[in-house]
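*Asks:* Top line first, the protein sequences correspond to chains A and B. Here our numbering is used: the first residue of the first sequence is 612, the next is one more, and so on. Here our numbering is used: the first residue of the second sequence is 612, the next is one more, and so on.
Calculated directly from the structure, the hints in this document are not laboratory data. Be a bit skeptical, because a hint or two may be false.
Same chains, same names: a pair is fine if it fits in one copy or spans any two.
As the list claims (entries may be wrong) - PhoX-like, lysine-lysine: derived pairs with alpha carbons at most 20 Å apart:
{"#": "1", "residue 1": "956", "residue 2": "621"}
{"#": "2", "residue 1": "961", "residue 2": "847"}
{"#": "3", "residue 1": "1063", "residue 2": "689"}
{"#": "4", "residue 1": "643", "residue 2": "709"}
2 protein chains.
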Amino acid sequence: MIQEYINENKERMLEELFSLIRIPSVSAQPDKHRPDMMRCAQRWQELLTAAGVDRTEIMPTAGNPIVYAEKMVNPSAKTILVYGHYDVMPAEPFELWKSQPFEPEVRDGHIWARGADDDKGQSFIQAKAFEYIVKHDLLRHNVKFILEGEEEIGSPSLSAFCEEHKDLLKCDVILVSDTSMLAADLPSLTTGLRGLAYWQIEVTGPNHDLHSGHFGGAVANPINVLCKLIADVTGKDGKITIPGFYDNVEEVPENERRMVEQIPFDEEKYKQSLGIDELFGEEGYNTIERNGFRPCFDVCGIWGGYTGEGSKTVIPSKAYAKLSCRLVPHQNHNEIGQLVVDYFKRVAPKTVKVDIQSLHGGEGYVCPIDMPAYKAAERGFEKAFGRRPLPVRRGGSIPIISTFERILGVKTVLMGFGLESNAIHSPNENMPLKLIWKGIDAVVNFHLEYDKD
Amino acid sequence: MIQEYINENKERMLEELFSLIRIPSVSAQPDKHRPDMMRCAQRWQELLTAAGVDRTEIMPTAGNPIVYAEKMVNPSAKTILVYGHYDVMPAEPFELWKSQPFEPEVRDGHIWARGADDDKGQSFIQAKAFEYIVKHDLLRHNVKFILEGEEEIGSPSLSAFCEEHKDLLKCDVILVSDTSMLAADLPSLTTGLRGLAYWQIEVTGPNHDLHSGHFGGAVANPINVLCKLIADVTGKDGKITIPGFYDNVEEVPENERRMVEQIPFDEEKYKQSLGIDELFGEEGYNTIERNGFRPCFDVCGIWGGYTGEGSKTVIPSKAYAKLSCRLVPHQNHNEIGQLVVDYFKRVAPKTVKVDIQSLHGGEGYVCPIDMPAYKAAERGFEKAFGRRPLPVRRGGSIPIISTFERILGVKTVLMGFGLESNAIHSPNENMPLKLIWKGIDAVVNFHLEYDKD
């Protein structure tokens, strides 16, 4: 019956999703895309209204606006708050895309575009499942939606928004589709997320670019220094060397280690899909533990000096990098943020000046697998995919999930339908069409199952 | 008398120099500037003709053409070959220039523009001294000019050109104005140059950019790896750690160490002019030794990952750097080039692929201070500046100088009139006007003194 509805409405639904994708709502580039943020929020408002909400509002924040919508069927019934985000990552480098990032194309059964998965495609699944439930008069609980426009830059305005609108956002559980499954035929529910801390570092050497012949060997080169500072953060054993970094890190519990062993994982296939010969990570942990349970340090960007064609012999005045750490439960992102800032200031040689700023961060999250909403999600997945989903801790960060818990006092169920191969945050982001349809099926069943408890 | 001529012709001369500077002859950016190379060569041809040569030709090479010109007064007289280059370094980053790099401006007694010193300004000094000598009928030896258009990219076509035109380039000594003095009131003659080797390195991790949350900690990040590779090249003592790197390096001779001690050098002033608190370099050597007598390793550029506004959480597929070494006499740039390529391939971890290419290089050079042309240059400087110039080894590289010696069998005298504060290769390159006029004076006197031997 759900499949029938999907088949009858496929074309309209795809056109609706494409209308969202075509708006380049890149939150990290406000100079270029500020008007697109409002356009995208308005388009969501139209789509949610058409889907059946009875109230919707575009609510201002200090940053990009938040789309709020609700359908209240019964004040004494339970309330589910659906969270998603309408902003997307930058699409650079454009030249690596096979088709235009903001002009969705269907090829080989996938939608190819920025946001096809993260998070326009996935939020769309929530909206269309809601539409089905409403149109078939199956809704027995209240549903609220909030769609924010700053997730990809760390949700700087959302916690203030939650504090200010606690009553409006009152709910029993939060439902989010913004994570991925182990494989298209191996559904899973995300039971943990890593936290994040992110910095920009600027190393200044001489007060202007120098001729590397006249000064080379006598003056510290800020690129060389920056490389040394970065290199020293990771030990040979793959551990982060910054004193105090692991102080609050919880060791992987034995029962979770045993659950990890249940997860089918083919290391050869994994390496092959990434085109690498050898994996690298912290000694004493396997890949799933490394990217689900353990923190890490990655440079997300680096630049300095001459980067054009050919050769220029220069000692640049400045070198820069964007640094990030994924954090795990009990690591406070503010504390780690400061720890790393203090560390770099302490170890920086006197031959240069080091300026480092925290850009954003957020806490990790753990979802209990015995709560009713989790169990409803499990059954929803099982009905749509014919297979019980595995509980898995994932390495990504949705900092706002721990903020919701802190401010609104509710847990979140992460019903994600992405795949690692969807290349979110990368060129050629994509989403298999069949996962959109199965996702709608699973979320519809979640709503139905949730009422049974 | 020379000053009088200069005073009478100042405005015309400046306009001539500016006409050269206005042509953005950036050899490192052929896609953008190929037509400018020919325009600049033609402008030089016009100016040399007006200055009094009796033959001039724009000669093709595999790369940018070479401007040849000559005035032969007597087949049995000695011949001086003046070498210069009409290409310039890229002007990026443009935003750091106080005035347009290719629109020369006179402020505070300096010309501000790319090429004001290196090497349009300095080659112009040679042309105008020649003009004076010819116009006043003082020329007693033959003069040849070659101006190339690829010096800033390592003169890839010039050695083939020299091999092919040995007869045309036959001469007794080569004269070059492309170096700097210790200070405006402290003339010096460059008696040594460092060699150069230059590479581009590409580190490839995963076959596409990855979400740093899903993969962070489990997959080697090519930026982190590149930083480690670079950091490991320099030891705590400032020495290069690559095995075999110092094998052919000549220790600073004791008599040269004593000459270095004669050079007035104010370390505090040096640091202040660069805006740095501490110098860095190889232990056991002072600053002048470090940048004149010792090799070094500098990263001239680095890039990879997200370098735009805000934060993007990505493990990039690739990271790049431009690496360079200044070399000293007896270090062969081809050997060092290969040594470094082999080193990086050997130490690269198996978690990534490392590709490294030699871009260009050249040998160092030493000029004997007892040869007649050197002595004539010494007296020329003394007449113009009222002070005997100090012999100094400098850290820059003009690889072609050692090539001239190898192919044409002649030594070069380096009569340079630049200053370190002229910011060559940097934003806000400049040249004090008075050094242009004093330079012409010194070169005129060189020609006159050279005939006396």
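*Asks:* Now look at each hint and say whether the structure bears it out.
*Replies:* Verification of the hints:
{"no.": "1", "hint": "956 x 621", "in the structure": "neither (56 Å within a copy, 53 Å between copies)"}
{"no.": "2", "hint": "961 x 847", "in the structure": "between (26 Å within a copy, 14 Å between copies)"}
{"no.": "3", "hint": "1063 x 689", "in the structure": "within (12 Å within a copy, 106 Å between copies)"}
{"no.": "4", "hint": "643 x 709", "in the structure": "neither (23 Å within a copy, 27 Å between copies)"}
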